[in-house]
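K.L.:
Here the protein sequences come in this chain order: A and B.
If you're matching positions, the first sequence starts at 1 in this note's numbering and goes up one per residue.
If you're matching positions, the second sequence starts at 1 in this note's numbering and goes up one per residue.
To be clear, the hints were calculated from the coordinates, so they are not data collected in a lab.
The structure displayed is predicted, hence computed values, not measured ones.
Treat each hint with caution, since some may be false.
[What the hints assert, rightly or not] No more than 30 Å apart at the CA atoms, straight line, and that leaves these computed lysine-lysine pairs for BS3-like:
(1) A/387 x B/83
(2) B/149 x A/106
(3) A/36 x B/143
(4) B/81 x A/383
(5) B/96 x B/149
(6) A/383 x B/149
(7) B/83 x B/149
(8) A/383 x A/417
(9) A/417 x B/143
(10) A/151 x A/179
(11) A/106 x A/179
(12) A/383 x A/204
(13) A/204 x A/179
(14) B/83 x A/36
(15) A/383 x B/96
(16) B/83 x A/417
[Stated by the list, open to error] Beyond 10 Å from chain B on every Cβ pair, some chain A residues (computed):
(17) 28
(18) 82
(19) 126
(20) 128
(21) 173
(22) 266
(23) 312
(24) 314
(25) 336
(26) 344
(27) 378
(28) 386
(29) 393
(30) 404
(31) 419
No residue lacks a Cβ here, since even glycine has one placed at the ideal position from N, Cα and C.
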Amino acid sequence: MSTDPANGTSDAESPSIDIGAIRKDFPILDQQQDGKRLVFLDSAGSSQRPRQVIEAMNELYYHDYANVHRGVYQLAERATSRYEQARHTVARFVNAASPDEIVFTKNATEALNLVAGSWGRANLGDGDAIVLSLLEHHANIVPWHMLAAEKGFEIRWIPITGDGQLDLTDLDRLLDGAKLCGVTAMSNVTGALTDLDHVVASAKAAGALVAVDACQSVPHLPTDLQAMGADFVAFSGHKMLGPSGIGVLWGRRELLDAMPPFLGGGGMILNVTTDGFVPDGVPAKFEAGTPPIAEAVGLAAAVEYLEGVGMEAIRRHEVELTAYALRKLTDDLGDALTIHGPAEPAARGGVLSIALEDVHAHDVSQILDTDAVCIRPGHHCAKPLMKELGVPATARASFYLYNDVDDVDALSSALVKARDFFAL
Amino acid sequence: MSGLEDLYREIILDHYRSPRNRGQLESPPAHRTEGFNPLCGDEVVVYLQLADDGTVDDIRIDGQGCSISQSSASMMSAAVKGKTVDEVRALTSTFKAMMSIHEHEIGGDGTESGAGDGDDGAPADASGELPLGDLEALRGVVKFPVRIKCATLSWNTLSQALDEHAAAS
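Construct the complete structure from the given sequences, taking the supplied hints into account.
P.N.:
So, in structure tokens, the structure goes:
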């Protein structure tokens, strides 16, 4: 595939990625469904994982597993070391100032619930306001609704533009008097990338904290948390080649130190008496109970895999593939097709939310399945955005480092088949 | 096509393209009930007008959804018009029994992930099940467990409407 100078991706300094070699690392992709090559285009929902991740977890279970931070025997020391090493690896990957700022959670949803349930509960009350965006996933909406019902603060909404990007025109007015701004770094529906520099600068000027849902960006773009300047960032393991069952909350150290615990239990205390408890310091304070040990080790292996390929190279590959897909789908389907989100590939991630004439996303997805093309129909846990787009659902195809032009071609021909099947 | 024709029978596509009893009724006097499929975001609105003798005088379907949910709602509206409430409940039971998953029906290593959706298999009318007519065309949906909720959405909404009407009178 050639780069297109018009899409802003012509600078090819670093080597492109070797899709053939990468696909060999993903055993699950090497299968057929009803005699057809499996075309997996739902990585925005959950990615697949390379054998390196699966083997790292197996190795831990075969040789190095025990509970962490408890036993004094050597096996427990090894397990604890592997778990804490994973924290260092993740911290390095996103350039956190310290591994202590990395809190392992069950998933990104729990990470955002932690921000609302700990920081929010301690800092928001009647008369306060926070700002969210219409691009948010329910994970960055519902925890705030739940807390607002209890505390009575106001939620203001950043609107979107016609092409599914955040409309930051009135951001300063929205932020006036607000204590927090919760935004996605990249929409899981339109693929739009948020101008975080703008949001962070405006929020800082207004004295508001910034909580970023980075589930869609951390797996696909180079991330530098210190440069980003946000206060909380959440992401999940299973969308970045890691296992399910683990997510990450990064928080600014001084904020995490001042926040009350979220979940209570073992592992998060210094002392417990019949009268009360004394919480441990970060990150242990926020990791009550036995943590996702093998999942942390698997996530670290995923991070090392991504580092090996190179995040710059992955991003460039996905921009090129998205540019190709936008052209190919438009050529093959023309007016029958609407793709929500920015037209400029460099302004978006590899997420294409498709509307095919009047054919419902569920029906599109069902027809595509007969060609072994896996896409995701539905509201993508973003119902306020669906209402704004004026649709009940979209059919979403999403790309990752293991997808190639053959996958896009299969998607396009399956969409043609779906259009013809439902032709009115 | 792995059973695609089983799912998208011609009569289903016909009801999808030309939905019957589509629209709204003035409410009140008609009873208005909304149903949601949280999985896909589909919404159906049932407007139900019962006559004094307890028969379905008129029904309208509004909302948006996939071919399965829209055609099921369309066929349902045609099937229940003029029927008594008891007959509607019996038809609902028969339809939902057809939509409940049994391994022997879907064959192979089919799972029962959709079990629980058809919780009331026994028809209310002891004289026997009501004929499903066109609705039989939806039988193929059970081979696609995730779509069962699409097919039953309008029926669950109609049941809720009848319950709400009974509670109010």
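K.L.:
Now look at each hint and say whether the structure bears it out.
P.N.:
Evaluation of the provided hints:
no.: 1; hint: A/387 x B/83; verdict: violated, 36 Å
no.: 2; hint: B/149 x A/106; verdict: holds, 29 Å
no.: 3; hint: A/36 x B/143; verdict: holds, 20 Å
no.: 4; hint: B/81 x A/383; verdict: violated, 33 Å
no.: 5; hint: B/96 x B/149; verdict: holds, 10 Å
no.: 6; hint: A/383 x B/149; verdict: holds, 19 Å
no.: 7; hint: B/83 x B/149; verdict: holds, 24 Å
no.: 8; hint: A/383 x A/417; verdict: holds, 28 Å
no.: 9; hint: A/417 x B/143; verdict: holds, 21 Å
no.: 10; hint: A/151 x A/179; verdict: holds, 14 Å
no.: 11; hint: A/106 x A/179; verdict: holds, 26 Å
no.: 12; hint: A/383 x A/204; verdict: holds, 29 Å
no.: 13; hint: A/204 x A/179; verdict: holds, 10 Å
no.: 14; hint: B/83 x A/36; verdict: violated, 48 Å
no.: 15; hint: A/383 x B/96; verdict: holds, 28 Å
no.: 16; hint: B/83 x A/417; verdict: violated, 40 Å
no.: 17; hint: 28; verdict: holds, 19 Å
no.: 18; hint: 82; verdict: holds, 35 Å
no.: 19; hint: 126; verdict: holds, 31 Å
no.: 20; hint: 128; verdict: holds, 30 Å
no.: 21; hint: 173; verdict: holds, 31 Å
no.: 22; hint: 266; verdict: holds, 34 Å
no.: 23; hint: 312; verdict: holds, 36 Å
no.: 24; hint: 314; verdict: holds, 31 Å
no.: 25; hint: 336; verdict: holds, 16 Å
no.: 26; hint: 344; verdict: holds, 28 Å
no.: 27; hint: 378; verdict: violated, 5 Å
no.: 28; hint: 386; verdict: violated, 6 Å
no.: 29; hint: 393; verdict: violated, 5 Å
no.: 30; hint: 404; verdict: holds, 25 Å
no.: 31; hint: 419; verdict: holds, 14 Å
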